[in-house]
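Taken in sequence, the protein lines are chains Y and B.
Oh and the first sequence: position 9 is 9 in the numbering used here, straight run, nothing missing.
In the numbering used here, each number is its position in the second sequence, counted from 1, plus 499.
Please note that a few of the clues may not be correct.
[Unchecked claim] Below, in silico cross-link-like pairs of lysine-lysine (BS3-like), each with a Cα-Cα straight-line distance of 27 Å or less:
hint, chain 1, residue 1, chain 2, residue 2
1, Y, Lys32, Y, Lys94
2, Y, Lys32, Y, Lys146
3, Y, Lys292, B, Lys674
4, B, Lys873, B, Lys532
5, Y, Lys292, B, Lys957
6, B, Lys957, B, Lys532
[What the hints assert, rightly or not] Per the computed footprint, the stretches of chain B lying under chain Y, defined by three or more beta-carbons under 8 Å from a beta-carbon of chain Y, are:
hint, segment
7, 680 to 690
8, 965 to 977
In case anyone wonders, no lab produced these hints; they're calculated from the structure.
Note that beta-carbon positions come from the ideal geometry of N, C-alpha and C, so glycine has one too.
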Amino acid sequence: MRDYALFIPEYIACGVALLVIAIELFAPRLRKDLLACLTALGAVAWFAAGLAFLDRDPKSYQGLFISDDFTAFFRLLAAGIVFVVALMSAEFLKRQRGVDQGEFYGLLLIAGSAMTIMAGATELLTAYLALEVLSFSLYVLVGILKRDLRSNEASLKYILLGAFSSALFLYGLSLVYGAAGTTSYAGIAEAFAGRDSGLDPAVAVGMMLILAGVGFKVSAAPFHMWAPDAYEGAPLPITAFLSTLSKAAGFALILRLFSTAFVTDAESWRWAFLALAAITMTVGNLIAIQQKNLKRLVAYSSIGQVGYMLISIAALGYGDAQVGLNATSGLLVHLVGYIVTTLALFSALTAAVNRTGSEEIAGLRGLAETQPFLALVITASLFSFAGLPFFAGFATKLFMLLGATTDETLWIVALAVLNSFISLYYYLMVIRQMYLFDPVGEAVRFRVQPVLWGLAAILLLGILFIGMYPGPAFEFSEQAAKPLFETASAAASARVQAP
Amino acid sequence: MTFDEGQGYVVLATLVLPLAAALILIFTPGSQKMAVRYISAVTGAILAALSIYIFVAYQVDGPEAQMNLNWAWVENVAFLGPGGISLRLAVDGISALMALLTGVVAFAGALASWKIEYRNKDFYILYWILLAGVYGTFFAYDLFFFFFFYELAVMPLYLLIGVWGSTRKEYGAAKLTLMLVGGSVLIWIGIFATFHQAGIGTFDLPSLWAAGQDGTISATAQKVIFPLMVVGCGVLAALWPFHTWSPDGHMSAPTAVSMVHAGVLMKLGAFGIIRLGIQLLPEGAAFWMPALMVLGTIGAVYGATAALTQRDFKLISGYSSVSHMGYVLMGLATMNTIGITGAVLQMFSHGVMTALVFLMIGALYDQAHTRDMKEFGGLGRVMPLWVIFYAIAGLANVGLPGFSGFTAEFHIFVGTFRTYPVFGALAIFAAALAAAYMLRMFATVFFGPLNPHWKDLKDLTPLERLSGAMLIASIVIMGVWWAPFTERVGHTVTLLPGVTG
């Protein structure tokens, strides 16, 4: 039976997206804030509808998409991100001319829906199509400042490298299909578990190509080259969108694909994730030290964060279903902490940049005098990234790394901790600008737009809540991770029974 | 509610009160500078009272851990089993003494910061957050929260020194923060390894201690993890050769931060070695303690020698702290009851006397704006009370009988001679050097002809007298009537694993 009801939340999201675009088309003179409000309301409705899909038995749509707690988890994340980014953009876009705001807000919602599909896809082509929908939305969003050369450049670079990575992904997919004879995750796992010879080299190559393809999407080194440029050129709220939604979506896809379809061949890919994690975090953190531009700094620091998260994926390959569950729960709770922190940082940065017009680190000079609240939010977010106590990053990073600790991965966990020490250095350099120097020109307090103030305050409370009482977030993450490993243990038992 | 539970809330109050003070201060307008000061003074007074209560109420014939409080925090999720992480607080003989130290120094520091005009609200917010971290570390009976509070105590230092410091403050602040966080990185790795090796799915420290003692954490693993934990904590305890942040950091820090930092924070490091080294990894301790003895002795001698060549008051005290923390590490490394008891007493003794020294240096520097001791002379004539207070701190520093330093160092030397006679001799040599640099400074600064440039210097303000008097009282009480101190510490130390009589 075709269970169309599984997509009700996405109908809402896409419906609002179309509505927003239509309003822009037929009533071009309408105040643009209304579009942002409508988008935010749409996100709230989407979130509410998503809540109704929690705690349900997993239901599959034709073997292409599964609606379980894992999907629901990412759906809620997507709705939350779209809500915050839409409100943030409303303030930011007031100062930009020549932006087609209908498309802007519509694409936010469409990209968010694509993330849900990526999380729920149980078939390679569905996953690929969702990935492309997300990517194309982002290509447009990055280049939405049509008159800004940097934005154009960023968009072009992103499209070219993105297309290249999609091609890699697609080629890898075709090799896997060639060996397994099916594109469904369950079918692939069954085919690989049931074969009698060793690993087919074509499959190994296929897996590596898929890994490289998604590696591009989550900006893992050495596939990270596009990220700093795209982050720098994109409008500030879209930079926030890139570093939260697009990474979360990438990890959703990787998690389901590697914990279900490829789980039987863990030995052939787990080392690659370890290597990728080690390179990514080291490269990201070391290059971040030299950055002068805030967005580039965030880009490299988020590359470092991706490196930590990749350890959890590697850990999936080094243990049984219980280790996988531990690692995945840790990864998901860290994703939540990371997203809340990033959004808080960008809400404050948007307000600061709206005022100063400078995106350099030095532009924050003396912010503690001119706007202590923003300085506090920025400091709290940066400390949270560095993993200092009281803030989300302390607890979530600890859980993530603990979940990923096995005998084989202990060394890389140690490397991650060393890396987060390096990261503290460049975060301190930003904090130093705000607190240790006097502002340029007159030290007058300036007011923050109420919407941004409210967003920053709520997200700051979120950072503190997760940091001081991480229990609920962690339990929710475990609940979301469970469905992946129920099928995994089923596949493992199938492997044992196979002749 | 049993009596013990009720006392548990007293312990909790020492954490909650500074945080509440910080929260109240956040919502106090920055222009109300006097209100900020009164709020802080009251907070400090209550904290000191609570700390004295905890010290006095600790029963030397009771169980080891008293005043328990145990709140489940996160449990039964993924790798966390029942009681995975809980806010578990308790007091043992060592932390009772450390609480007393923190209370006295925190109150004295809050009074000493009265003079701060520039953004004093922000200063006190960070100050109280730091102290919440200190109390939390001393009372935590859960590894997660131990590390949580340990980091919390280090975090505000960057801004406290960077914004309100003096001489090369940015350099000092960055160096101190990075080195201390570098140390906690090692602890962090150690925690991952311990949790993984123990495999019992809980951060509860008593359970982990049991795992360390019954061999659930294998001897090999303990030998590997122990250096991580001890070097990590050792950075904060100025373990040679990781002490280099200490002179620079102290030179840059404002008065109250120097007091709390040298007085209390450095003790967190030594305390961490007891909690995470001796108690958690006894096999590792048995293996590595001789190495710690060597490093501690080098620190003691090196610090004293370096102090002998310095001219800046704060550098002298900074290096002297390195030397005295070297004694603490030596005492811990003896692994016998008397040596470790001495180490804990020295933690207290060095805490109060260094706080007094930095208080005095601050009182002078705020007027003279220089700390070069060659520029002074004959200050006894213009600042008699200042000289008396400083002299008491200095003599306690040297280990004169009647002051706390004597009690503590005597225990350490006896303990060291029992196991490592050669190092005991070196330690006494370092004590002689301490006398040399202290008396040299007394001679130059207190006596001799008065430089007319300094004839208008004012003596201590009433607040400085009050905070100085509290510190001196602690120094003298411990020097004269040390039974309450040794009883409490000894009660816990005899129960430490691997400690001989």
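Results for each hint:
| no. | hint | result |
| --- | --- | --- |
| 1 | Y:Lys32 - Y:Lys94 | 8 Å, holds |
| 2 | Y:Lys32 - Y:Lys146 | 18 Å, holds |
| 3 | Y:Lys292 - B:Lys674 | 21 Å, holds |
| 4 | B:Lys873 - B:Lys532 | 36 Å, violated |
| 5 | Y:Lys292 - B:Lys957 | 48 Å, violated |
| 6 | B:Lys957 - B:Lys532 | 24 Å, holds |
| 7 | 680 to 690 | holds (count 5) |
| 8 | 965 to 977 | violated (count 0) |
Violated hints, listed in ascending order, are 4, 5, 8; each of the other numbered hints is respected by the structure.
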